[in-house]
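If you want the building blocks of each chain, they are given just below.
Protein chains: 8
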Amino acid sequence: LKKIAIIMGSKSDMQVMQAAADIISEFQVPYEVSIVSAHRTPHRMVTYAERAKEKNIGVIIAGAGGAAHLPGMVASLTDLPVIGVPVLSSNSLLGIDSILSILQMPGGIPVATVALNNAKNAGLLALRILSVSNEELYLRLSAYREKMKNEVEKSAAEIEKNINF
Amino acid sequence: LKKIAIIMGSKSDMQVMQAAADIISEFQVPYEVSIVSAHRTPHRMVTYAERAKEKNIGVIIAGAGGAAHLPGMVASLTDLPVIGVPVLSSNSLLGIDSILSILQMPGGIPVATVALNNAKNAGLLALRILSVSNEELYLRLSAYREKMKNEVEKSAAEIEKNINF
Amino acid sequence: LKKIAIIMGSKSDMQVMQAAADIISEFQVPYEVSIVSAHRTPHRMVTYAERAKEKNIGVIIAGAGGAAHLPGMVASLTDLPVIGVPVLSSNSLLGIDSILSILQMPGGIPVATVALNNAKNAGLLALRILSVSNEELYLRLSAYREKMKNEVEKSAAEIEKNINF
Amino acid sequence: LKKIAIIMGSKSDMQVMQAAADIISEFQVPYEVSIVSAHRTPHRMVTYAERAKEKNIGVIIAGAGGAAHLPGMVASLTDLPVIGVPVLSSNSLLGIDSILSILQMPGGIPVATVALNNAKNAGLLALRILSVSNEELYLRLSAYREKMKNEVEKSAAEIEKNINF
Amino acid sequence: LKKIAIIMGSKSDMQVMQAAADIISEFQVPYEVSIVSAHRTPHRMVTYAERAKEKNIGVIIAGAGGAAHLPGMVASLTDLPVIGVPVLSSNSLLGIDSILSILQMPGGIPVATVALNNAKNAGLLALRILSVSNEELYLRLSAYREKMKNEVEKSAAEIEKNINF
Amino acid sequence: LKKIAIIMGSKSDMQVMQAAADIISEFQVPYEVSIVSAHRTPHRMVTYAERAKEKNIGVIIAGAGGAAHLPGMVASLTDLPVIGVPVLSSNSLLGIDSILSILQMPGGIPVATVALNNAKNAGLLALRILSVSNEELYLRLSAYREKMKNEVEKSAAEIEKNINF
Amino acid sequence: LKKIAIIMGSKSDMQVMQAAADIISEFQVPYEVSIVSAHRTPHRMVTYAERAKEKNIGVIIAGAGGAAHLPGMVASLTDLPVIGVPVLSSNSLLGIDSILSILQMPGGIPVATVALNNAKNAGLLALRILSVSNEELYLRLSAYREKMKNEVEKSAAEIEKNINF
Amino acid sequence: LKKIAIIMGSKSDMQVMQAAADIISEFQVPYEVSIVSAHRTPHRMVTYAERAKEKNIGVIIAGAGGAAHLPGMVASLTDLPVIGVPVLSSNSLLGIDSILSILQMPGGIPVATVALNNAKNAGLLALRILSVSNEELYLRLSAYREKMKNEVEKSAAEIEKNINF
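Chains A, B, C, D, E, F, G and H, in that order, are what the protein sequence lines are.
Going by this note's numbering, the letters in the first sequence line up with residues 1 to 165, in that order.
Going by this note's numbering, the letters in the second sequence line up with residues 166 to 330, in that order.
Going by this note's numbering, the letters in the third sequence line up with residues 331 to 495, in that order.
Going by this note's numbering, the letters in the fourth sequence line up with residues 496 to 660, in that order.
Going by this note's numbering, the letters in the fifth sequence line up with residues 661 to 825, in that order.
Going by this note's numbering, the letters in the sixth sequence line up with residues 826 to 990, in that order.
Going by this note's numbering, the letters in the seventh sequence line up with residues 991 to 1155, in that order.
Going by this note's numbering, the letters in the eighth sequence line up with residues 1156 to 1320, in that order.
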């Protein structure tokens, strides 16, 4: 199984990005985490992106806020699928700047954007991507989805019991 | 190699979604195209999404406009990676409605969102996903990226020659 | 008198949706409350929507946040009037994502959208809908509106008495 | 069967609101159309709204653009369900002003808002509302939804036949 | 000198609207304050607006939030100048709904809109309007503007003294 | 009767601002029109604003687009009421930049903002302001409003006659 | 005098960026123009930015649309002042994506952002920057500003002559 | 070396603008700070802007919130480069009003806009501008950028050490 890389522009993004590590960890898929800043370490970003494949990385998750250039730049430097997580940072315009800077990539260089601060979904998307060629992981993802369903049904049963007219 | 499915809410979306088929076709990867409407054919959508895997589909690209529910609903009914293409339709608010309806999925069900109307990038993202376990496709993607680079360098050379001070 | 169904995507939405139950309760109209998630329990959603009519439900109120697909999907699976309540959830873009995902339905499948978090108005709208064929309920709604008017006039009298120049 | 009233702020809105008349007409439900301007004929608006019920009107559809006050004001003057259609007018900010002026009603006075310019859905919503107490109309609505489904399936079949890899 | 009327949709708006009363009071111009709700007391609104002139009111300041119909409706029922104050209320979309509902009036019925929550400026605008025919009030407004200037210059002097390089 | 000044940032704004001149002209109130650019003629702006009162001007209407500083700056240089018209210019963000630059003035310096491109309403607002101390003008404004009402009623009668069910 | 570099993401941006070249040319300041794409030629971008200083470039103007990463990335690779021009491209959300991707840079790496499509102002800003150490250029900029003033005054005189009451 | 001027509309903006002073101070470049309000002290603004050059100021940084006219007006009164800092003030619409009022300047008068509240980047941009003709300052800026890089690499090393799979 290939590894998932989780990178982010600054240490403070870890608060949001931890959820990606957590869910991947729950599925026992190997991953690595690092800090790679498009603006403060552009050369490190180039090297990181270009060496990812040879390090057996299969998918890169990149989180960034504001004028979030990391996911798009990484996607420009590798052919691995890159997932972008818009991070809500201070003085960010609700995160709309982060979303648009990651989402609105020009034709030729795709970034798979997930919802604002939704590193958990970035992790799940990376797992779905790896499961395309890994039946066992696919089954674990199906079981996870089944579990979510059961939890909702349990809440539903409780609420239906408690609220009477 | 697995197939890529390209689905959309209505025939009129084909104008935008054709670009996904074109780029996938250029890479000679098998794909299928169909119309699946979340709102007008909800049962067809359920069946389509749930049978995708057994039809050897590896990635689903779903395009929709306005209150675009197709990508998110399909992602709720399968564990394959689902790519959402926000389509700019008439009376859509610049496409912001399409973007947010696809992007802002709750934790648990990821959709890989690409830029507004950018079906080409949806196709390229699907190819990157399949290439995670297909070295030959990965190399073709790298060649494609190299070709884009060469085209820009050619434009640059032309413009530098023509504009003098 | 038919029943009003109040459903929502997750237990946490109950905080907002309670106001719908409260106002309906105040009018002594029968209702039921449940959890139905478009994304985590799509089959439950299909069944719930398709069986609503035979359970003597007359109107369905559905609350959801973010990429809020529940109201629109339910409206696609029944011909009962469906009222959508955009819920402001965390990491939601002020609730604009919820509003647009519910409001901007394509031609053919209508959803009656109310203001952000305004479950009370969803309840009142459901009551107005049932009152179309129930004169007695209509009169109670008129009395309720009269009472609101009296309250404003009382505030006005107080403020006019207290603020002098 | 009660009548559906379709009103709008100015004659020019008829271009958009015609679709409501058309769909109601298709279902052979009685309706009336008029011009009622909140800003230029406030007294006419008061009278129209307050007399609607005695004219056997069951639902009021009100379309308006810009600072669209008509739907909300009518809902303040009657207890009939009122459906608001945000109309995109010139110098309107994409119709966002119309949407918010209609949607964001305070607690106590509900307006059932539909998508921008979507008078067709306003008509269908009015029909769903009347069908709550009219089984025959409900069945016709179900047949209409079935027909839409068939049309999508037909498009799907065509597209699947024509696009081969 | 004519009176200035300050009205608002609900008692809770007084927190914001007090600033209008305060500044008018500072200029010793007569004013009255009341609660007039477009949606809960539409008839009171009609009467209030139509009788304002005969009560010797010269300008009406109307504050409202969300789908803020009060300023525009009052302007439709009188020929006095009407100043609208968009009030930021809970579940309001940053106040953008209030702003657009007040600002985007159709041709024929003008509302003088001031900044979000800026009741102080509404008061000053009302005073400027009355001063068009009252030289003495005009001079007091000039003195007020002079005083603001002096305060800024004092701050400037302080900051220049304290910050040295 | 005092004069109304209509100024704008550039000659091209005249297309929009003409409507102010037209309506004022219709009421036979004296006015003057000029070009005053905050950014290209700041000294002219200072002089124009500061001399307006001595030229017997009673109200200033200022139209501008983009980062529209003219209305706010003029209001900072005089105590006359200033009406701002946000003009939609090319490369303007729907006119939202013009609206916010004019509307969101700080406490102390009020600008009476009207709807985007709505110079007609700016003219009517100026007339309402002058009519505060001019009964005859007030009556003409009432007659104008009455005429609008009659026109709507005429449209209504026509549409009611032509649309039958 | 140092040179001004004008770069852009693709040849099609030249339509907008030409205005920068034109104004710089009018001031007879040396400049060069090239195509440098952040996403399609990331290495070329690194080299271009890092070598700019040694090529005697004093200021870099970078134009880009959508998820516009070029200005920010260039500013990350040099210490020359970088001016960003948000370009309105197709499927761009009014250019808001371009603006925010360029403007909302994190602390440490500044980009001087100008208005949407306003390459002329980018050129003038570059000239102002060079004039900080070049008195003669400063005087030419003052003369240019004087000329603009004269043109407005001429328009004003014409309009004042032609519009009479 | 020329001085950098840091001005702002009110004392309360100092909280945000301090960061500009801090970073300039860190580079030991002379600067001055003052309060200049476009709306409350327009004449002071004219004088300040027009005398800046003779006071040996090389760059002006101007911060303002809401309808932020200070940066644009100052740029209209001098030919020095002017940097605008949009300040998030209370009742500001997320700061979007401040951003657009500063950014969307018309052709002819450029303002170098930085991110919301990002006075630090304004300071760095001013330093980059002065460094165009000061090699020593340029080298210090390069060292500063190098230091940022080292800090990120240190964070990266730490996080890589601590997070293991």
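The hints are simulated quantities; they were obtained by calculation from the structure and are not laboratory data.
C-beta atoms are modelled at their ideal positions from N, C-alpha and C, and glycine is treated no differently.
Treat the hints with care, since some could be wrong.
Stated by the list, open to error - PhoX-like, lysine-lysine: derived pairs with alpha carbons at most 20 Å apart:
1. D:K506 <-> B:K176
2. H:K1316 <-> A:K55
3. D:K642 <-> B:K176
4. D:K656 <-> B:K168
5. G:K1151 <-> F:K828
6. D:K498 <-> F:K828
Claimed, not checked - Derived Cβ-Cβ restraints for the label pairs, each shown as a range:
7. C:E490 <-> F:E961: 51 to 59 Å
8. H:K1166 <-> E:L799: 27 to 35 Å
9. C:E490 <-> E:E795: 50 to 58 Å
10. A:H43 <-> B:K319: 25 to 33 Å
11. B:K176 <-> G:N1140: 30 to 38 Å
12. C:I493 <-> F:Q853: 39 to 47 Å
13. D:N551 <-> C:N386: 21 to 29 Å
14. E:L799 <-> H:S1245: 44 to 52 Å
15. F:S915 <-> B:K176: 56 to 64 Å
Each hint tested on the structure:
no.	hint	in the structure
1	D:K506 <-> B:K176	33 Å, violated
2	H:K1316 <-> A:K55	17 Å, holds
3	D:K642 <-> B:K176	16 Å, holds
4	D:K656 <-> B:K168	17 Å, holds
5	G:K1151 <-> F:K828	17 Å, holds
6	D:K498 <-> F:K828	53 Å, violated
7	C:E490 <-> F:E961: 51 to 59 Å	32 Å, violated
8	H:K1166 <-> E:L799: 27 to 35 Å	28 Å, holds
9	C:E490 <-> E:E795: 50 to 58 Å	32 Å, violated
10	A:H43 <-> B:K319: 25 to 33 Å	26 Å, holds
11	B:K176 <-> G:N1140: 30 to 38 Å	59 Å, violated
12	C:I493 <-> F:Q853: 39 to 47 Å	40 Å, holds
13	D:N551 <-> C:N386: 21 to 29 Å	26 Å, holds
14	E:L799 <-> H:S1245: 44 to 52 Å	31 Å, violated
15	F:S915 <-> B:K176: 56 to 64 Å	35 Å, violated
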